[in-house]
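Visitor: Chains as they are written, first to last, in this note's numbering: chain P, 2 to 370; chain A, 2 to 385; chain D, 854 to 1136.
Read the hints as simulated data drawn from the structure, not as lab findings. Just so you know, nobody snuck in bad clues.
A partial selection of chain D residues facing chain A, derived with a Cβ cut-off under 7 Å:
# : residue
1 : 976
2 : 977
3 : 996
4 : 1079
5 : 1090
Quick list of in silico lysine-lysine cross-link-like pairs, DSS-like style, CA-CA up to 25 Å:
#  : chain 1 : residue 1 : chain 2 : residue 2
6  : P       : 33        : P       : 192
7  : P       : 163       : P       : 117
8  : A       : 188       : D       : 1080
9  : A       : 242       : D       : 1080
10 : A       : 301       : A       : 160
11 : A       : 301       : A       : 138
12 : A       : 181       : A       : 242
13 : A       : 179       : D       : 1080
14 : A       : 287       : A       : 242
One-sided excerpt, in silico: chain D residues whose CB lies under 7 Å from chain P:
#  : residue
15 : 1031
16 : 1033
17 : 1034
18 : 1036
19 : 1037
20 : 1038
21 : 1049
22 : 1050
The C-beta atom is built at its ideal place from N, Cα and C for all residues, glycine as well.
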Amino acid sequence: MAYATQGETIAEFVNTTKRFGRVLAADRLNLKIGKGEFLSFLGPSGCGKTTALRMLAGFEAPTEGRILIDGQEVGAEPAYRRPVNMVFQHYALFPHMTVAENVGYGLRQRRPRLAKEDIAARVTRALDTVRLGDFGPRRIWEMSGGQQQRVALARAIVNEPKILLLDEPMAALDAKLRGEMQTELLSLQRKLGITFILVTHDQQEALSMSDRICLMGKGRIAQIGTPRELYDRPANRYVADFVGRANILTGTVIRNIGEHALVRLASNHDVVVEAPHPVSPGAKVDLAIRPEALRLATAPQPGLPDIVAKLCRMTFLGEHVEYLLSHPALGQLQVMVPRQAERALPGVDTGHEVHILWDQGNGLILGQD
Amino acid sequence: MQDDNAPISRRKFAEELERYRKGSVSRRHFLGVTGLGTAMAVMAGAMPMMRPRGAHAAELGDRAVLATWPNYHDPESFAAFQKATGVATQVNVFGSNEEMLAKLQAGGSGWDVFVPTNYTITTYVEADLIEPLDLSKLPNYDPAAFEARFADAGTVDGKLYAVPKNWGTTGMAWDSTKAKAPFTSWKEFFDITMTDFSGRTMVHDYQLTTIGNALKYYGYSFNSVDPKELADAENLLLQVKPHLFAISSDYQPPMRNGDAWLTMCWTGEGKQMNRDMPEIHFALGKDGGEIWSDYYAIPKSAPHREAAYALINFLIDPQVNAREATAHGFPVADSRVNALLPKDVLEDPILYPAADLLNAQEFGAAATLTDPNRAELMARFKSA
Amino acid sequence: MTKGRARWLLLGPAGLWYAALLVLPLAVVLVYSLGERAPAGGYAPALTLAQYANLGSRWAAFQNTLLLAPAGTLAALLIAYPLAYFLAVRANPRWRTLLLVLVIVPFWTSILIRSYAWIFLLGGRGIPALLSDLGLGDIRLINTPFAVLVGIVYGYLPLMVFPIYVSLEKLDKRLLEASSDLGAAPWRSFLQVTLPLSLPGVATGSMLVFILLMGEYLIPQMLGGGKVFFVGNALVDLFLQSRNWAFGSAMAVTLVAIMLVTVTLYMRFLRRIGAARDDTGLM
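One chain only, chain P, in its complex shape:
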């Protein structure tokens, strides 16, 4: 990814807190967003991601802390004075206006007034950008869901905002359309060079589109990082659990080996895992290993711990087959097996015992939540 965090900052949360009555919706957020960055707020519903976006847009004022856009503190500025525009979750298009009137709405609010021809030209350009060139005179209710989505996008980008805010913009689209739209959004962002901030609960969407992801939980930022960082180095159990799938186990540290550690599992098997933070021998730790990092075999492999588990269920997923196994000490374990690797498991069926292969260095010690 091209984005570098040390670039210019376009927006910043400084200890920003928002309370709704007794509910703490955003708890001391600290975050810098870079110019031209594609950042996603990711998290389950109620995690505070929408509140963060709405504070940036100006629909909610922070209870404490500050918000800066382009170096200016905007905490007290109403939405209509902020250089940001939003694509709303259900588009919020004006039903009494045509497509072109919707798109030109923001330009018509400008003071001093823009020339009519100027507005018309910019509207046409924006509609072309979202490939709705001929739809200007149409009524909103004549447009399909995907088309409405693009109108909403055009209505926002025509104003050339410093930041484009996207509030779950693809939640209402079907899977195929969503994929197309994601691609379109990405190319649009490259083309325009505007900072995009996306709110989503869909981790696939966040992983595939973002330069950086800000994963939130219970009003707090759980981890900020590139998609790979979040996936490969989840900071804690919450992140590991939310981003991708993970087998989360507990163990005791035996000793450090450089940036790795030797950990004894509850089943008395010793494994070598990554240790992003220094750990001391004897410490109880959580560790995570992705289902695709484990392998299955019909026989043990020398040099690796011999973890024998019973196969409970096989789920065919196309390119992969998901195996669900049960171990008396470790509990349930997921293993993702590529189709071609399945050939190494002839005749294996539910109820059979199989050997789980844990390669050295796979897996990760998690930090505290």
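Dock chains A and D against chain P, hints included.
Guide: Frame of chain P; chains A and D shown alone:
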């Protein structure tokens, strides 16, 4: 004070009048124009469960419908009648004789007894809307007890169609604190309306008295249907209209609160206002005006004829009638009833004006009720 | 059972109702309007346009009606809109139901009684006395067109408030956020989003009030002192006092015709200013 012989004490009389005054918020015209009375009649008639049940329902039926004027009865009389006969009386009140006629003409009124004014009875007879009365069913009626001029109109072509209820006059009432001198004629009434009393005078929403008194301005007959004389009256009324406070028979509230200073006024109501506010005076026009007599009658279409006879007979019983008169305050023509009323009532100059003044007044004439020119004149005056 | 028969069965009661209570009486009135007054009053059959030729004699009633009905509708709208806006947008949702009930409460009392209250309020001892104490001189309010206007607005306000309230209440609040997000200050958002989207409510309320006002009778009678005469008052006079049913019918037919024309024109106008969309309800 020698009250012991009187059937009703002075104190009681004063209380009764006070009660009447308090109840005077709803008046003939008001209830008439709002159609409330009609609505009540229609509803009660259409819903069987709203009919009261009586013990003696078998002979007379269980109800009688009375079409009358507002504040013209003592509700206790109806209670006593129901107790005696089992017949419950439903009272519907009306705004004008024209309206009563319109309802009877339209058919399906459901009335058993109604209270027409003297000059309308011949029209009801001609239209075959009214029942000749069977005197054997009205033992309480004694023709000898009545002054002829208040009873005559009940007989048409030698047949008795109606028996007298009350009589009265239509004069003028005014706030004496606003007037330089007492009013004595309709000429003065209209003249001051266009000058000192501009915006303070009320005329009735009733063709007979409003047109009749305007005719008196020129010295014409109160009952004239002569087109030229009516044209003069219309001229006057149109001239006066911008100076009127209102065209309404609902004159007591504005008179009482000082919005209006002068109004055409029926006897009993003049008495009520004078009693409560002595500064409100009442007088008849020496140039003329209306004297009237109301009657009980039975429509041809009466659904409960026997109950109708029983009700009329009950109400003209001298004892009952004296109580009624005490309650509503209008004079009675029945000498048997007057014998039961206190002397100061019978000597009241408003209720019983001097004979010479009374002689100048005219009874309404039948022609005025049906004359299309008078009806249209009134309508034009109001919508001008 | 065929589909067609089911449809007729479903439409039957409403159709009969409509025919018996609307079409039939209208037809009777139309026939009567071509007749004459019977000598003692009532209706006499004839085939003449004389009654229509006489309509000019009631010009004042038509003039009053055609002036005060739209004026009353407009005044009611100007008062009802801010009230409805407050109730739908600003009022604390916890109190909203209570406030709405308060708007309807006067409706539980007869308009008669309420008009009577106005007679006293506008009478010499009411508001004019207060104004005179403030040194504003002799101001007469009762029995003027103004009094009738006050009564009309008061009497019909809830009929205007509720349709507007409903259209404002169902307005998607996110549209206002979108408007603000796109740079519109609150009052511009109101003019460009709230107002146009509440026009269906405005149209419904105005139509309800206007149609009822065209036939109004009670309020002019009570607060106009018989001097501010509506067509409705003239009609009552013709049917109950002068008993000229033929002329009364001609007036009634004319009133219905005027109403049809004005309502049609009004709807056209609304459509032209862009309120007419597929979801405008009444349109």
